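Could you build all of it, start to finish, from the sequences and the hints given here?
Protein sequences, first through last, are from chains A and R.
For the first sequence, the positions run 1 to 113 when my numbering is used.
For the second sequence, the positions run 114 to 225 when my numbering is used.
Possibly wrong hints are sitting among the right ones.
Derived list of chain A stretches under chain R, where covered just means 3 residues or more per stretch with a C-beta under 8 Å from a C-beta of chain R [to be verified]: (1) 41-47; (2) 60-70.
Under the rule of at most 35 Å between Cα atoms (straight-line distance), these lysine-lysine pairs were calculated in the DSBU-like manner [stated by the list, open to error]: (3) R:K166 - R:K183; (4) A:K70 - R:K183; (5) R:K124 - R:K170; (6) A:K2 - A:K42; (7) R:K124 - A:K67; (8) A:K42 - A:K56; (9) A:K56 - R:K170; (10) A:K67 - A:K42; (11) A:K56 - A:K2; (12) R:K170 - A:K2; (13) R:K166 - R:K124; (14) A:K2 - R:K124; (15) R:K170 - A:K42; (16) R:K183 - R:K124; (17) A:K67 - A:K56; (18) A:K42 - R:K124; (19) R:K166 - A:K2; (20) A:K56 - A:K70; (21) A:K70 - A:K42; (22) R:K166 - A:K42; (23) A:K42 - R:K183; (24) A:K2 - A:K70.
Label-pair distances were calculated between CB atoms; the ranges are [stated by the list, open to error]: (25) R:K124 - A:Y39: 19 to 27 Å; (26) R:G129 - A:Q31: 19 to 27 Å; (27) A:Y71 - R:E192: 26 to 34 Å; (28) A:A29 - R:G209: 33 to 41 Å; (29) R:P121 - A:K2: 45 to 53 Å; (30) R:G129 - A:A29: 36 to 44 Å; (31) R:S182 - A:S69: 41 to 49 Å.
In short, the hints are calculated from the structure, not lab data.
Model, not experiment: these values are computed from the prediction.
Note that CB positions come from ideal geometry on N, CA and C, so glycine has one too.
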Amino acid sequence: QKEVEQDPGPLSVPEGAIVSLNCTYSNSAFQYFMWYRQYSRKGPELLMYTYSSGNKEDGRFTAQVDKSSKYISLFIRDSQPSDSATYLCAMSSLSGGSYIPTFGRGTSLIVHP
Amino acid sequence: DAGITQSPRHKVTETGTPVTLRCHQTENHRYMYWYRQDPGHGLRLIHYSYGVKDTDKGEVSDGYSVSRSKTEDFLLTLESATSSQTSVYFCATSTGVDQPQHFGDGTRLSIL
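Below is the structure:
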């Protein structure tokens, strides 16, 4: 079992839909949680960075962390075709003096007009 | 993002040849990282640096070496490239050990 599990999709939704992207993890020591967006042939771009359980909102994006269930989510409201990309979750804990993150394999999102 | 430039952006080479990839950053970030991204595996850490001349191995370091002689440059070398090292390589930087990483746009490396 991988430390971080993420459904690869693709997830196809109509424009304007609310999108829910999820990751589960097995390492209860994870403290920091991140979401990245990656367009084709580009590098991952940081969207959200959270430390604690609960919700964090930034514009149309909301990150949710449930440490008790070892489950994190990214919600996208009013999705747009420009949101079509691969979304990577990542999480880290202090190991050997460093918070090297463990990445999920990414979920491909397609928002069609 | 974060002023990270990777070069070359694309490279095709033959098995057994040495290859060096360069990562240059303009943000003065202390930490720098090299990842490879392959279908079905996601991002895997190769090596990272926590300061000039200070480096450490990651999850998939075999066959790779790194050097960092200046804050702004982090080099990844494949001493004798193999077909299994065909991949997309990403450089990342961060300001601190507990801060999120910012990525360059990658180098597509094909080894024939």
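So, going through the hints one by one against the coordinates:
no. : hint                       : in the structure
1   : 41-47                      : holds (count 6)
2   : 60-70                      : violated (count 0)
3   : R:K166 - R:K183            : holds, 8 Å
4   : A:K70 - R:K183             : violated, 40 Å
5   : R:K124 - R:K170            : holds, 24 Å
6   : A:K2 - A:K42               : holds, 25 Å
7   : R:K124 - A:K67             : violated, 42 Å
8   : A:K42 - A:K56              : holds, 26 Å
9   : A:K56 - R:K170             : holds, 33 Å
10  : A:K67 - A:K42              : holds, 31 Å
11  : A:K56 - A:K2               : holds, 26 Å
12  : R:K170 - A:K2              : holds, 20 Å
13  : R:K166 - R:K124            : holds, 26 Å
14  : A:K2 - R:K124              : holds, 31 Å
15  : R:K170 - A:K42             : holds, 25 Å
16  : R:K183 - R:K124            : holds, 24 Å
17  : A:K67 - A:K56              : holds, 14 Å
18  : A:K42 - R:K124             : holds, 16 Å
19  : R:K166 - A:K2              : holds, 32 Å
20  : A:K56 - A:K70              : holds, 17 Å
21  : A:K70 - A:K42              : holds, 29 Å
22  : R:K166 - A:K42             : holds, 28 Å
23  : A:K42 - R:K183             : holds, 26 Å
24  : A:K2 - A:K70               : holds, 13 Å
25  : R:K124 - A:Y39: 19 to 27 Å : holds, 21 Å
26  : R:G129 - A:Q31: 19 to 27 Å : violated, 43 Å
27  : A:Y71 - R:E192: 26 to 34 Å : violated, 42 Å
28  : A:A29 - R:G209: 33 to 41 Å : violated, 19 Å
29  : R:P121 - A:K2: 45 to 53 Å  : violated, 32 Å
30  : R:G129 - A:A29: 36 to 44 Å : holds, 41 Å
31  : R:S182 - A:S69: 41 to 49 Å : holds, 46 Å
In summary, the numbered hints that this structure violates are 2, 4, 7, 26, 27, 28, 29.
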